[in-house]
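Those sequence lines, one after another, are chains A and B. Heads up, the first sequence is in our numbering, so the first residue is 1 and it goes up one at a time. Heads up, the second sequence is in our numbering, so the first residue is 1 and it goes up one at a time.
Worth flagging that the hints you see were computed from the coordinates, not collected in a lab. Careful: at least some of the hints might be erroneous.
Restricting the straight-line Cα-Cα distance to at most 25 Å, the calculated cross-link-like pairs of lysine to any residue (SDA-like) are [what the hints assert, rightly or not]: (1) B:42 <-> A:211; (2) B:42 <-> A:489; (3) B:42 <-> A:516; (4) A:696 <-> B:307; (5) A:696 <-> B:290; (6) B:137 <-> A:641; (7) B:233 <-> A:394; (8) A:579 <-> B:45; (9) B:42 <-> A:73; (10) A:386 <-> B:4; (11) A:641 <-> B:107; (12) A:579 <-> B:301; (13) B:137 <-> A:394; (14) A:244 <-> A:211; (15) A:125 <-> B:304; (16) A:579 <-> B:159; (17) A:90 <-> B:334; (18) A:123 <-> B:270; (19) B:301 <-> A:211; (20) A:579 <-> B:42; (21) A:641 <-> B:131; (22) A:579 <-> B:131; (23) A:123 <-> B:45; (24) A:147 <-> B:235; (25) A:696 <-> B:304.
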Amino acid sequence: MSNQANTDAATLPPLANRPLNIGSSMNDDASRLDALAKVTGAAKYGRDVHPANALYIAFVRCPFGAATLESCDVDAARAVPGVVEADVSKRQGNYHGATVGHVAADSPLSLRRGMAALACRWKRKGDVVTTIEQGIEAEPELPVDAKAMIEQAGDRTLDATYSTEVQTHSSLETHGACVDHKGDSAVVYVSTQGTSSARDGLDEALGLPASKFEVVCEYVGGGFGSKLNGAGKEGMLAARIAAKHKRSAYLFVNRAEEHLDTGNRPSSRTRVRVAFEADGTIKGGHIQTWGGVGPNRGGGGVNVPSGRYRLGQITTAHADISLNGGMPRAFRAPGHPQGAFAEELMLDEVAARCGLDPLALRLRLIKADAIREMAELGARLIGWDKRLVNGAQAGPIRRGMGMGVTSWGRFPSSVDAEVVVNRDGSVEARTGTQDIGTGQRTVVGIVTADAMGVPLEAVTVRIGRSTLPPGPGSGGSVTTVNSAPAFMEAGKAAATQVLELVAGRTGAPVNELTIAGGEVRRNGAKVMAWKDACALIPDTIIGKGRNTQKTVAADKTTGTSGGAQFVDLDVDVETGVVKVHRIVAVQACGRVVSRKLAESQVIGGVIQGLSYALFEHRLLDRQTGAMVNPNLEWYKIAGPKDMPLIEPVLWSKDKEAAGPRPLGEPPTIPTAGAIACAIYNAIGVPVRSLPITPDKVLAAMAGKGGAK
Amino acid sequence: MNPFVLVQPRSHAQAAKVMAAGGSYRLPVLKAGGIDVLDHLKEGLLSPDAVVNVRRLGAEGPAVTRLADGSIRIEAGATLAQLASDPILLADATVVAQSAGSAATPAIRNIASAAGNLLQRPRCWYYRHAQFECLKKGGSMCFAVDGENAHHAIFGPGPCHIVHPSNLAPALMVLDGQVHLTGSKRDRIAAADLFHMPDKGILSEHNLEQGEVITHLTLRPRPTSGFHAVKAKQSFDWPSALACVSLRVEEGVIREASVCAGAVAPVPWMLPRVGAALKGAKATDDAAIAAAAELAAEGAKPMRDNGYKVALLVASVRRATLRALGRETPSFREIRP
């Protein structure tokens, strides 16, 4: 017995000492191009746009999980000075936040008074379904083959049920749109993950052809998958009201509505019944999953088995359970974190039953060689050799280590890129994609600068407008993967056109000319200053690049991204409080465009996973179905003092990996599972339910027989 | 939110006049830091016709002073940040500095006032949301009884099951704190008499009369005092349980002990049995301290989902006692920048 807590405090290694991929990134230390604009407030998000004479709009919503609108004084609302429209068309709500109507008014104050004047009287309906367990009529029977396998395995079986709660996206900028109506044209500011696709449907709602309005989305305050539905119902209603009244219109939902009705990661329940051998080899079994979704079924999938481990002959079944709660939407690696939590903790439980080190077991079960190597590296960096066997500690603070792995596929997507070179030497990179906080604006700038040989400072990036060449929606970790090749091509095309002008003027062969250090060079020697070269441009130069789904699919230099994460944490067994101390996140992402942003992406994924593991929980009141915590007070999200030391390690051993690989989603997949395994290691008993809050830790330990 | 008049009184006495029943305003509300008042306005739980701003009153002088009789005076408008770093409190009323420093976030502590911390309303999620017509809002039921009660009270008969949210009130209780008032015939009320249980009045938590305004607090110095709170989250979270302990130690033996818990009952919850058990114990006798702390659980009647708070309360009491004695308490490994 020993207690290793309170020893070796972690310190942050300097950037230069942190391992990176073999080779280097295109840009190691560039900060976001819009960093200053964002921190000073100069960056205007859609939510910040308030056109003169705009109408302000709010939805009328059901306040309970299931209720009937008994009365509602629409006339009183319309009589409120400033209210121009009040419409309540539905009488039933089957989740808290379900929309039944709307009010539009001259000002936020009139709107608020109009909403109050409605004096909606809701009658709650009887029972509501707020948890998956409530919706399961009977535990399913094992399929015949799995049953036979498990019966044959005798004691070497695991029957465990893992559950996760609903996580809301909690975007800092809430969902919404602002229509700046200009009579026969309009500018629509939408907070979206798909600027180019957000036009769809707005033409009809605005009563304007697509050629007469522009969607603008220069900055987005987070989306995480919840803003992939074009202009959304918020934007569509704002557009319809703007068209009807020939006025500008503004509809951004508030914090409570953001929790209630803009999507979520559905809850899950995973029952694992597997047979294994004495050496931990998993023979197979059956995994039944359930997803806790909205009133309409769909979207509740749980990604387990993940396919990352050899798990023998596994059969699966899934059912969505309808809850009286808001509907799910895509959420950063949909289905994956909940599945990885069940899979990783299951592996630790099997390892413990076999008396095996869970890393050793995984190294045998991991399918991909690259992920196995990443796991070996991560284990060294976390100091896995200091890990004690499960529950082998005494004292109030116990240390635990755990791990998990990840992978993500590559999804081809079309991108049109333009690089403009002006006569003064300035460069513009243009595409209609958006920066939802990932740093896409900066990525486009870096790739363009790299392709051309000009400094990043010379490049102005224009994104976030539907009038720009169409770019990808930000979903599925596709944006950099697909934009980078297009901008490589466009940047090179633009540079070649400049060099051809220089060749024409100087007689030097164009293929011997390069751009570097603010000059056009031949064999390293200056031929002409960049500015002078650009002065040769008759008008402007436009280099074009195009990435189609076909060309990306055929590109063998890019591919899937694997990763492995390791957690070192402390559990206070007298209070059940968990404090994560360190997380090492080894993550492949092919060629690194921007080291700082790529590390940032990994860190962000880890933070979101940690918060999911320990805190986040949409809690529906079992009596009324109302969400009792539609705020950021009781819907708990990890804060600064909950942060561990996070060490991202960007991995690219494969020198052939010349292109960037997907990075947005994979780093958030394994974190919660790795944390759960580390807690199991610390306290000696698995907590099979997320979030792992103090009550669950204490209950798990008490179930163990009160061992302290 | 409806328009209101912002009143800027020049003194607490003037504020009390504006607040008094039968004054110029129908529904005036007192605002110091404004943290809780703004929450109420935003949720539509309060529709005042006047907001009486006492935030800057007394701000020109020191937040904390030592009085001639040896007691310590804290201005009503002192911010939690001032209390957390005040040298007098850090030396002689540690439990106050520690409890103030543990509350909320740095941003809130820079604004929130001492008196506001005492009088803030509960954080019960049924109380805080307009669609629940709960007892505390004049409704007919407590939704927590059969609803979501993981953060509700483990003590008290109801009928309302809030926990008192103040960090500072239990600290004041163990230092025989006095709450000084203006606006009525009495000039003070003991901290111990400041709050009442829900069965003695459910619409408010305190015993101040309309028109009474807190001017300052006084308390007895006690260097051997300590605070401990258990929070699931280390940034911006409400404690699941907290304890304040004040001890008089002579020759290594605890001669007097006063223990009060927070976040477990509708009022700051005195634990006299724990105090009695600590009396006579050696300051180094961990077993006696642990046994005394266990008594904190006596009389607890957890609801369906908050039984875990009993263990957290016991741990808080034990750790607050150790901190009062200057002893080490279990802590997580540090991360150094």
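Quiz item: Given the proposed pairing of residue 696 (chain A) with residue 290 (chain B), does the C-alpha separation stay at or below 25 Å?
Solution: Roughly 23 Å between the alpha carbons, so the hint for residue 696 (chain A) and residue 290 (chain B) holds.
Quiz item: Keeping to a limit of 25 Å between CA atoms, is the pair of residue 641 (chain A) and residue 131 (chain B) held or broken?
Solution: At roughly 33 Å apart (the allowed maximum being 25 Å), residue 131 (chain B) and residue 641 (chain A) break the hint.
Quiz prompt | Satisfaction of hint between residue 641 (chain A) and residue 137 (chain B), Cα-Cα up to 25 Å | solution = Distance ~35 Å between residue 137 (chain B) and residue 641 (chain A) Cα, so the pair is violated.
Practice problem: Measure nothing beyond the straight line between the CA atoms of residue 579 (chain A) and residue 301 (chain B); if it is 25 Å or shorter, mark the hint as holding. | Solution: violated (29 Å)
Quiz item: Do the alpha carbons of residue 123 (chain A) and residue 270 (chain B) lie within 25 Å of each other, as the hint requires?
Solution: violated (42 Å)
Quiz prompt | 25 Å Cα cutoff - pair residue 42 (chain B), residue 211 (chain A) | solution = violated (41 Å)
Practice problem: Sort out whether residue 45 (chain B) lies within 25 Å of residue 123 (chain A), counting only the CA atoms. | Solution: holds (21 Å)
Exercise. With a cut-off of 25 Å on the C-alpha distance, tell me whether residue 696 (chain A) and residue 304 (chain B) pass.
Key: holds (14 Å)
Quiz item: Keeping to a limit of 25 Å between CA atoms, is the pair of residue 147 (chain A) and residue 235 (chain B) held or broken?
Solution: violated (47 Å)
Quiz item: residue 42 (chain B) and residue 516 (chain A): Cα distance at most 25 Å?
Solution: violated (57 Å)
Exercise. For the pair we were handed, residue 301 (chain B) and residue 211 (chain A), check the Cα-Cα distance against 25 Å.
Key: With a Cα-Cα distance of about 67 Å, the restraint between residue 301 (chain B) and residue 211 (chain A) is violated, given a limit of 25 Å.
Quiz item: Is the hinted pair residue 244 (chain A) and residue 211 (chain A) satisfied, with a Cα-Cα distance of at most 25 Å?
Solution: Holds. Residue 244 (chain A) to residue 211 (chain A) sits at ~19 Å (cutoff 25 Å).
This entry does not satisfy hints 1, 2, 3, 6, 8, 10, 12, 13, 16, 17, 18, 19, 20, 21, 22 and 24, going by the numbered hints stated previously.
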